[in-house]
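From first to last, the protein sequence lines are chains A and B. Under my numbering, think of the first position of the first sequence as 1, with each following residue one higher. Under my numbering, think of the first position of the second sequence as 1, with each following residue one higher.
Calculated directly from the structure, the hints in this document are not laboratory data. Positions of the beta carbon are idealized from the N, C-alpha and C atoms, including for glycine. Among the clues, some could well be false.
Stated by the list, open to error - Taking beta-carbon pairs under 8 Å as the criterion, some of the chain A residues facing chain B (in silico):
id, residue
1, 69
2, 72
3, 79
4, 89
5, 92
6, 99
7, 103
8, 106
9, 298
Unchecked claim - Distance ranges between label pairs, derived from CB positions:
id, chain 1, residue 1, chain 2, residue 2, range
10, A, 154, B, 72, 35 to 43 Å
11, A, 77, B, 161, 41 to 49 Å
12, B, 39, A, 157, 29 to 37 Å
13, B, 70, A, 58, 23 to 31 Å
14, B, 156, A, 69, 35 to 43 Å
15, A, 274, B, 72, 52 to 60 Å
16, B, 211, A, 145, 50 to 58 Å
17, A, 77, B, 108, 21 to 29 Å
18, B, 72, A, 210, 43 to 51 Å
What the hints assert, rightly or not - Listed below are several chain A residues computed to face chain B (Cβ distance under 7 Å; list not exhaustive):
id, residue
19, 39
20, 42
21, 74
22, 75
23, 82
24, 96
25, 100
26, 105
27, 292
There are 2 protein chains.
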Amino acid sequence: MKVTALAGGVGAARFLSGLAAEVRAEDITAIVNTGDDFRWMGLQICPDLDIVLYTLAGQANPATGWGVLGDTFACLDRLSLLGMPDWFRVGDRDLATHIARTVWLSQGEPLSAVTSRLCAREGVACTLLPMSDDAVPTLVHSAGGDLTFQDYFVRLQCQPVVKAFTYLRAAETAPAPGVLEAIEGADAVIVCPSNPLISIGPILAVAGVREALRAVRGRVVGISPVIEGRAVKGPTVDLLRQLGHEPSAAGVAKLYSDFMGSIVIDEADWSLAPRIVSLGMETHLAPTLMDSADARRRLAARVLAAAGCRT
Amino acid sequence: MKVTALAGGVGAARFLSGLAAEVRAEDITAIVNTGDDFRWMGLQICPDLDIVLYTLAGQANPATGWGVLGDTFACLDRLSLLGMPDWFRVGDRDLATHIARTVWLSQGEPLSAVTSRLCAREGVACTLLPMSDDAVPTLVHSAGGDLTFQDYFVRLQCQPVVKAFTYLRAAETAPAPGVLEAIEGADAVIVCPSNPLISIGPILAVAGVREALRAVRGRVVGISPVIEGRAVKGPTVDLLRQLGHEPSAAGVAKLYSDFMGSIVIDEADWSLAPRIVSLGMETHLAPTLMDSADARRRLAARVLAAAGCRT
Numbered sequence: 001m002k003v004t005a006l007a008g009g010v011g012a013a014r015f016l017s018g019l020a021a022e023v024r025a026e027d028i029t030a031i032v033n034t035g036d037d038f039r040w041m042g043l044q045i046c047p048d049l050d051i052v053l054y055t056l057a058g059q060a061n062p063a064t065g066w067g068v069l070g071d072t073f074a075c076l077d078r079l080s081l082l083g084m085p086d087w088f089r090v091g092d093r094d095l096a097t098h099i100a101r102t103v104w105l106s107q108g109e110p111l112s113a114v115t116s117r118l119c120a121r122e123g124v125a126c127t128l129l130p131m132s133d134d135a136v137p138t139l140v141h142s143a144g145g146d147l148t149f150q151d152y153f154v155r156l157q158c159q160p161v162v163k164a165f166t167y168l169r170a171a172e173t174a175p176a177p178g179v180l181e182a183i184e185g186a187d188a189v190i191v192c193p194s195n196p197l198i199s200i201g202p203i204l205a206v207a208g209v210r211e212a213l214r215a216v217r218g219r220v221v222g223i224s225p226v227i228e229g230r231a232v233k234g235p236t237v238d239l240l241r242q243l244g245h246e247p248s249a250a251g252v253a254k255l256y257s258d259f260m261g262s263i264v265i266d267e268a269d270w271s272l273a274p275r276i277v278s279l280g281m282e283t284h285l286a287p288t289l290m291d292s293a294d295a296r297r298r299l300a301a302r303v304l305a306a307a308g309c310r311t
Numbered sequence: 001m002k003v004t005a006l007a008g009g010v011g012a013a014r015f016l017s018g019l020a021a022e023v024r025a026e027d028i029t030a031i032v033n034t035g036d037d038f039r040w041m042g043l044q045i046c047p048d049l050d051i052v053l054y055t056l057a058g059q060a061n062p063a064t065g066w067g068v069l070g071d072t073f074a075c076l077d078r079l080s081l082l083g084m085p086d087w088f089r090v091g092d093r094d095l096a097t098h099i100a101r102t103v104w105l106s107q108g109e110p111l112s113a114v115t116s117r118l119c120a121r122e123g124v125a126c127t128l129l130p131m132s133d134d135a136v137p138t139l140v141h142s143a144g145g146d147l148t149f150q151d152y153f154v155r156l157q158c159q160p161v162v163k164a165f166t167y168l169r170a171a172e173t174a175p176a177p178g179v180l181e182a183i184e185g186a187d188a189v190i191v192c193p194s195n196p197l198i199s200i201g202p203i204l205a206v207a208g209v210r211e212a213l214r215a216v217r218g219r220v221v222g223i224s225p226v227i228e229g230r231a232v233k234g235p236t237v238d239l240l241r242q243l244g245h246e247p248s249a250a251g252v253a254k255l256y257s258d259f260m261g262s263i264v265i266d267e268a269d270w271s272l273a274p275r276i277v278s279l280g281m282e283t284h285l286a287p288t289l290m291d292s293a294d295a296r297r298r299l300a301a302r303v304l305a306a307a308g309c310r311t
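All chains, full assembly: derive it from the sequences and hints.
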């Protein structure tokens, strides 16, 4: 059984760690958002690829949702003394990933090959694919002006009110090698409980991805990142509201209904089910809060069942 | 009183720390070798500028002769796990210097401005000048083939037998702004007890430097890095021998005699004095081993006296 997942950052990483306990890691392909990638002090940082990699390698810091467990900040502290900005917190071990990645990219390796190399070194057997080998930066159009994504997300802590996002050049940019094949050939395509606008949205915007998903709609299943009108982490609910979407599991389902046959929503949101069913989507109720390794695993099993891969 | 010094790495750094105890730091300009600068994992490293900077800032690791005191190696250890070479030991704090320097260089700042900025941040009041803002890499022609400098010096631990050095494009490369003026306007120009072939040699090779020194020969004073046929640190004696020079204070003096009016040699080498005097150089005997802060300071005072700046 082949399973392909569309993934953002920490929520996706946690779900994937549950999935890897239910499905052979070799049979999992994660297509990861790179819309928030950026250059930091000359180094290429891919926050979502990194948190997924660290989580699957058992090295993630669960307290922060970013970085390496037990990391130190000696380099960043001295960079700060030297007058460099320190609002993006890069630890000493984390830094090694960015240095190695930047060296390999500068030698002409595409990001997908670099990512595969990092996975091999970390002993991660899942296939991690960047959504594209080319840059598709997410731009944030806020009430106060346009921002780069990390300016908005980390430096300004998601405080600006967002009017729109642009996934720059997405429609003209090819997905990374293997992305469309992984969607077409999967027994189940899972849309992780990530932010639909800034994590999944960029992936969907890359040329051909949404069309490929529509073609296999019956095998696409999502998990709502919104539970009772709240998100476990991040600005999902605020952003849905700011961009005119309903800040609920039903609002998320509506964003996906053209390519998603089934969605798993939290059982607390049972009253939303009829409205989601009316969008033509199978609606499954389950506990979706991933507050333990067991909970992650049970959610993964429930999602696989919703996709028709388990009885 | 203005003092200008030509400086290599650790020997020069130690001498300069003694000099800074005798002369106002604001009146000291050090022209530092950059022939061993190189790119390491995409970052610009200037080993001699760094050790001089760290030493004057009171941050150097005296046990190693490179790096920052108390530094950690979390990043390098993980780079090694990722398959990157780890023979050049860059600590986490040290790394911050290289990252900041590389960022500023990439923004178009010349190395001299970057160095000045680092000095200001570290509270170093001496003026540190790279010998040039442009790259003048020292190439090592060994019996087994040509090597980059750090390959020879660090990776191969100076084991290859050297046939010649090339200071690439030195004769066509301008010194950094202020270098010639610092030589012309100084009351004393001190050639630090550094390796004459790989530390001082590259500085002398930069366009106009040797000529500028010749023009003020009476004010140029050197310190022999060789004591009783041995060097305190590094391959000085082996290299002198391999390149056909006498491996002694007299051999060093001969390399400098065209532009150096006086030299301070160790009192243990008293028997060499007549031969050095015969080169037209004032020869001063002093304890030159810098095995304490006091010894550094006394040597600096002795050198200033030899240059006629003290009675």
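A quick look at each hint next to the structure:
| no. | hint | result |
| --- | --- | --- |
| 1 | 69 | 12 Å, violated |
| 2 | 72 | 5 Å, holds |
| 3 | 79 | 4 Å, holds |
| 4 | 89 | 14 Å, violated |
| 5 | 92 | 4 Å, holds |
| 6 | 99 | 5 Å, holds |
| 7 | 103 | 5 Å, holds |
| 8 | 106 | 6 Å, holds |
| 9 | 298 | 33 Å, violated |
| 10 | 154/A with 72/B: 35 to 43 Å | 25 Å, violated |
| 11 | 77/A with 161/B: 41 to 49 Å | 43 Å, holds |
| 12 | 39/B with 157/A: 29 to 37 Å | 36 Å, holds |
| 13 | 70/B with 58/A: 23 to 31 Å | 30 Å, holds |
| 14 | 156/B with 69/A: 35 to 43 Å | 37 Å, holds |
| 15 | 274/A with 72/B: 52 to 60 Å | 58 Å, holds |
| 16 | 211/B with 145/A: 50 to 58 Å | 56 Å, holds |
| 17 | 77/A with 108/B: 21 to 29 Å | 27 Å, holds |
| 18 | 72/B with 210/A: 43 to 51 Å | 46 Å, holds |
| 19 | 39 | 10 Å, violated |
| 20 | 42 | 6 Å, holds |
| 21 | 74 | 4 Å, holds |
| 22 | 75 | 5 Å, holds |
| 23 | 82 | 5 Å, holds |
| 24 | 96 | 4 Å, holds |
| 25 | 100 | 5 Å, holds |
| 26 | 105 | 10 Å, violated |
| 27 | 292 | 29 Å, violated |
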